[in-house]
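For the record, the sequence lines run as chains A and B. Position 12 of the first sequence, counting from 1, maps to 12 under my numbering, and the rest follow consecutively. Position 8 of the second sequence, counting from 1, maps to 8 under my numbering, and the rest follow consecutively.
It is worth saying that the hints were derived from the structure and are not from the lab. Yeah, the Cβ is synthetic: ideal placement off N, Cα and C, and Gly gets one too. No incorrect hints appear here.
Covered, in the sense of this in silico footprint (three residues per stretch, anywhere, with C-beta under 8 Å from a C-beta of chain B), are these stretches of chain A:
no.: 1; region: 2 to 9
no.: 2; region: 24 to 33
no.: 3; region: 175 to 182
The calculated label-pair distances, taken between Cβ atoms and stated as ranges, are:
no.: 4; chain 1: A; residue 1: Leu11; chain 2: B; residue 2: Val15; range: 44 to 52 Å
no.: 5; chain 1: A; residue 1: Val203; chain 2: B; residue 2: Ala27; range: 21 to 29 Å
no.: 6; chain 1: A; residue 1: Asn32; chain 2: B; residue 2: Asn32; range: 34 to 42 Å
no.: 7; chain 1: B; residue 1: Val67; chain 2: A; residue 2: Ala123; range: 38 to 46 Å
no.: 8; chain 1: B; residue 1: Asn65; chain 2: A; residue 2: Asn32; range: 38 to 46 Å
no.: 9; chain 1: A; residue 1: Val15; chain 2: B; residue 2: Trp50; range: 16 to 24 Å
no.: 10; chain 1: B; residue 1: Glu48; chain 2: A; residue 2: Glu136; range: 47 to 55 Å
no.: 11; chain 1: B; residue 1: Asn32; chain 2: A; residue 2: Val15; range: 24 to 32 Å
no.: 12; chain 1: A; residue 1: Ser165; chain 2: B; residue 2: Glu63; range: 31 to 39 Å
no.: 13; chain 1: A; residue 1: Glu202; chain 2: B; residue 2: Phe18; range: 18 to 26 Å
no.: 14; chain 1: A; residue 1: Arg38; chain 2: B; residue 2: Leu79; range: 18 to 26 Å
no.: 15; chain 1: A; residue 1: Val21; chain 2: B; residue 2: Pro55; range: 24 to 32 Å
no.: 16; chain 1: A; residue 1: Glu136; chain 2: B; residue 2: Pro53; range: 42 to 50 Å
no.: 17; chain 1: B; residue 1: Val19; chain 2: A; residue 2: Thr92; range: 18 to 26 Å
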Amino acid sequence: MHIPDGFLSLLISAVLWLVTVAFLVVAFWRANRTLDERRIPLMATLTAMFFAAQMMNYPIIGGTTAHLLGGPILAITLGPFPALIAMTIILTIQALFFGDGGILTFGANVFNMGILGTFIPFAVFALFQKPKPKRERILVGAFLGAFLGDVAAAIAAGLELGFSSTFPYGPVIAVLAMGLHHSVIGIVEGFATVMILLVLYEVRPDLLPVLAAAPLASGPSSTAEKELL
Amino acid sequence: MNMNDRLKLIIGGLVVAFVFVGVGVFALGFANETVDAIERLFGASEWETWFPPLPGYALPGFEGNAVASFLVALGFTGLVLVVTLGTMRLLTRRPKGQGKPSADDHPLSS
Chain A
1 MHIPDGFLSL LISAVLWLVT VAFLVVAFWR ANRTLDERRI PLMATLTAMF FAAQMMNYPI
61 IGGTTAHLLG GPILAITLGP FPALIAMTII LTIQALFFGD GGILTFGANV FNMGILGTFI
121 PFAVFALFQK PKPKRERILV GAFLGAFLGD VAAAIAAGLE LGFSSTFPYG PVIAVLAMGL
181 HHSVIGIVEG FATVMILLVL YEVRPDLLPV LAAAPLASGP SSTAEKELL
Chain B
1 MNMNDRLKLI IGGLVVAFVF VGVGVFALGF ANETVDAIER LFGASEWETW FPPLPGYALP
61 GFEGNAVASF LVALGFTGLV LVVTLGTMRL LTRRPKGQGK PSADDHPLSS
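Kindly generate the complete structure, drawing on both the sequences and the hints.
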């Protein structure tokens with residue numbers, strides 16, 4: 001989903017740079033004021049893991065490939081603003097060192113994968129936790145959040161491509177192409193997000209505030225949970 | 001979380017990342033993303049605005065060498081970890097007396 005330079009018109013690139021910078025300013029401000037430094041090792045570890053996970057390309061439709069984005073699980077475990085910072089670090093290193101995504105289109109890439117790809121999964125997940133988190137709500141919320149986040153990011157990328165004068169076929173074709181392919185990616189991302197949540201719950205439930213508050217099983221099943229209790 | 005737990009977490013994460021990099025480079029390295037397909041099908045073309053030092057995750061002179069790509073990927077996974085740790089440590093540095101936020105800074109904490 002990394003858009004290279006030359007695919008978007010300069011106006012769209014500039015607008016998305018501005019939107020992204022605004023979100024990042026708020027994210028850094030919030031991190032400075034509210035992020036607990038005890039969560040930093042988790043944040044750094046997950047960021048490195050998803051940088052590595054993005055190197056695994058699996059086949060989808062018509063000979064194309066896809067990879068996990070990681071935004072949903074980052075948002076659920078860290079909150080959306082730290083997740084945005086984590087995704088921005090990944091995208092910065094990919095663009096600067098590997099040419100994966102452009103410099104002019106960097107704002108668009110952060111907007112799609114860092115903002116939409118984290119805030120939508122988090123909002124959907126949070127919606128499912130009301131009035132009280134339960135096992136089914138946690139898992140369904142995580143899956144749907146990841147799916148919708150990936151699809152929304154792809155549709156946004158399609159709209160950006162479609163409305164750019166550099167792309168001759170208009171937004172409908174671009175949105176269809178991006179949305180169709182990335183709905184497959186969304187399903188895989190959804191399953192991966194649920195699986196990672198289940199693994200984290202088993203080994204370190206203390207790292208997941210919502211899971212620690214609402215155990216997935218009826219009794220304490222892991223050593224870490226027993227220690228907590 | 002004490003220092004021992006933090007180290008365990010980071011080492012565990014790096015082991016998983018090591019596996020991801022290995023699978024990514026040696027088994028699932030071929031990439032043909034939707035944007036690449038659009039580029040070919042619809043005639044869009046990239047602009048050369050930036051010349052990255054390691055284009056396509058390959059070490060110059062060692063293109064197609066999976067071991068070199070693996071080492072590059074591992075090194076940069078470590079770099080991502082260090083950059084994130086450093087950036088967040090700087091961001092969360094607070095003046096004395098201001099105090100720390102509670103552990104429940106996550107929006108969904110109960």
